[in-house]
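Given chain C, work out where chains Y, U and A should sit, using these hints.
4 protein chains.
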Amino acid sequence: MSYARQFLDTYPGTINADAGVLAAAIDALSDCAQACIADTEADLSEQNLAEMVKCIRLCLDCTDVCTATMGIVSRQTEYDANVARPLLQACVAICKSCGDGCERHAPHHAHCRVCAEACRRCEHACRELLDALR
Amino acid sequence: MSYARQFLDTYPGTINADAGVLAAAIDALSDCAQACIADTEADLSEQNLAEMVKCIRLCLDCTDVCTATMGIVSRQTEYDANVARPLLQACVAICKSCGDGCERHAPHHAHCRVCAEACRRCEHACRELLDALR
Amino acid sequence: MSYARQFLDTYPGTINADAGVLAAAIDALSDCAQACIADTEADLSEQNLAEMVKCIRLCLDCTDVCTATMGIVSRQTEYDANVARPLLQACVAICKSCGDGCERHAPHHAHCRVCAEACRRCEHACRELLDALR
Amino acid sequence: MSYARQFLDTYPGTINADAGVLAAAIDALSDCAQACIADTEADLSEQNLAEMVKCIRLCLDCTDVCTATMGIVSRQTEYDANVARPLLQACVAICKSCGDGCERHAPHHAHCRVCAEACRRCEHACRELLDALR
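Protein chains in written order, with this note's numbering: chain C, 1 to 134; chain Y, 1 to 134; chain U, 1 to 134; chain A, 1 to 134.
Here chain C stands alone, though its shape is the one from the complex (with noise of 0.2 Å):
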């Protein structure tokens, strides 16, 4: 079971979404941003550089966007739908994005396919939870 699933079985606050639905968001999160910053750095490691830039700096904002929403979905406590929703949307944005972008570039490079697997996921996973958050 993931660390993320065993804090919210064990939480002694109030979670306003399904356990599950929100234990899969926070991993895909984790994971993609992880994900970014190992393709980020892959990226730069490439011969054709200047047809990687974009794909660079997407990478980069997907990182910084699934961190905070990590941050921000893993304290339920003072859950507050206008900073959550648009949060959630805001990463939706990016990850189809940054997963369009990687799914470009994924026959040439297998890191880029595997960041946009990630991606793919990160961005379904916020999809659920947006549909679930009261």
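Keep in mind the hints are simulated off the structure, nothing from the lab. Yeah, the Cβ is synthetic: ideal placement off N, Cα and C, and Gly gets one too. Heads up, a few of these hints could be off.
Claimed, not checked - Dumping the calculated DSBU-like pairs for lysine-lysine here, alpha-carbon to alpha-carbon at most 30 Å: (1) Y:K54 <-> Y:K96; (2) U:K54 <-> Y:K96; (3) A:K96 <-> C:K54; (4) A:K54 <-> C:K96; (5) A:K96 <-> C:K96; (6) Y:K96 <-> C:K96; (7) A:K96 <-> A:K54; (8) Y:K54 <-> U:K54; (9) U:K54 <-> U:K96; (10) Y:K96 <-> U:K96; (11) A:K96 <-> U:K96; (12) C:K96 <-> C:K54.
Stated by the list, open to error - Distance ranges between label pairs, derived from CB positions: (13) Y:I15 <-> U:H108: 49 to 55 Å; (14) A:D131 <-> U:I15: 33 to 39 Å; (15) U:T14 <-> C:G20: 26 to 32 Å.
Just chains Y, U and A now, kept in the frame of chain C:
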């Protein structure tokens, strides 16, 4: 002159807003993140800890959202309104809440007054940037 | 297979340690940061708040150091022992302290037991990486 | 007066160094992180991208280490020399490398000159804090 303004004046890419408004937002976001980190620590040092818990959570959320927003608005070349606008809206919302929360403690805790000022300034600068962004 | 291992297996740059040891460290650092964010929030939800303050501060420190260390060891191409080694030493020290602090609360708070496990695993993985790095 | 100094002057906890030296370090760490984020973006906008890759990686590392160090030295009450000292040493090392790397590009790229200044100031402020910390 602040570093943010010096960078925008020497930036080889394209900026999607007035440089003065953007630099003011970057500086306010950086200052607000720093203030919220410091206020979290000061809150944890107070005697009336149970009354400070909400303020601590708001400061933690505000740190995370300001840090991510600073990164996203600093990367202007792949500017995407679908990411930047909801993120700035989330940032306005948490700066408003955190500023309100800190202001309530300002009569008794001078550090909360300082944090409230940083939050108010950041909320205002993010609203201005939302209006200025193309 | 974890994302970290998939990235190292497709990384076009040079790795300065055994890929398995490095991937284990990256995964443990990411999990430990996530666990400490969750435990901070759970601690703030407890009744005996005054007794939890030290644990909260250790978790905040551990989050920050693990996050930075994950970034630095993920960027292997400009690897610099003068940066990576003291950072890993700082990370071992805070994971040890935070693990000890959480273990003390483990009999009463199940979330602290989960966090202690993540800290122990991260401390161990960082020690292994320190030994493995050239 | 900077926010860092205002917070230290209203901080209810114990400080383990001269308040002026500590405030100068917190301000320099915050500014250096902000400068390195901006310089990464500016570097990615340059034509001679292959020559900028090392500078980009150093700026990414410097952002991560400065951000973590700012958090750790801001939380003075559970100050632990075994964490703070190696972290500050890692920070001095990456600020030195990043400052050197940026200075090499300063004749051609004004943004690298600005970043080099922020790195030099941060390296100096962290050395002063290392000397001042009990």
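Going through the hints against the structure:
1. Distance restraint check for K54 of chain Y and K96 of chain Y: the Cα-Cα separation of roughly 14 Å lies within the 30 Å cut-off, and the hinted pair is therefore satisfied.
2. With a CA separation close to 29 Å, the supplied pair K54 of chain U and K96 of chain Y stays within the 30 Å bound.
3. Under the criterion of a C-alpha separation no larger than 30 Å, the hint pairing K96 of chain A with K54 of chain C is consistent with the structure, at around 29 Å.
4. Distance check on the hinted pair: K54 of chain A and K96 of chain C sit about 29 Å apart at the alpha-carbon level, within 30 Å; holds.
5. Our distance criterion of 30 Å between C-alpha atoms is broken by K96 of chain A and K96 of chain C, whose separation comes to about 37 Å.
6. Proposed proximity of K96 of chain Y and K96 of chain C is supported: the alpha carbons are some 29 Å apart, at most 30 Å.
7. The straight-line distance between the Cα atoms of K96 of chain A and K54 of chain A is roughly 14 Å, inside the 30 Å bound, and the hint therefore holds.
8. With a CA separation close to 18 Å, the supplied pair K54 of chain Y and K54 of chain U stays within the 30 Å bound.
9. Under the criterion of a C-alpha separation no larger than 30 Å, the hint pairing K54 of chain U with K96 of chain U is consistent with the structure, at around 14 Å.
10. Annotation: proposed proximity of K96 of chain Y to K96 of chain U is violated, straight-line Cα distance about 37 Å (limit 30 Å).
11. Using a Cα cut-off of 30 Å, the hinted pair K96 of chain A and K96 of chain U holds, with the two alpha carbons roughly 29 Å apart.
12. Our distance criterion of 30 Å between C-alpha atoms is met by K96 of chain C and K54 of chain C, whose separation comes to about 14 Å.
13. Checked against the given bound of 49 to 55 Å, the beta carbons of I15 of chain Y and H108 of chain U, roughly 54 Å apart, stay inside it.
14. At about 36 Å, the beta-carbon gap between D131 of chain A and I15 of chain U stays in the expected band of 33 to 39 Å.
15. For the hinted restraint 26 to 32 Å between T14 of chain U and G20 of chain C, the CB-CB distance of approximately 41 Å leaves it violated.
Figure legend: structure checked against the earlier numbered hints; hints not met, in rising order: 5, 10, 15.
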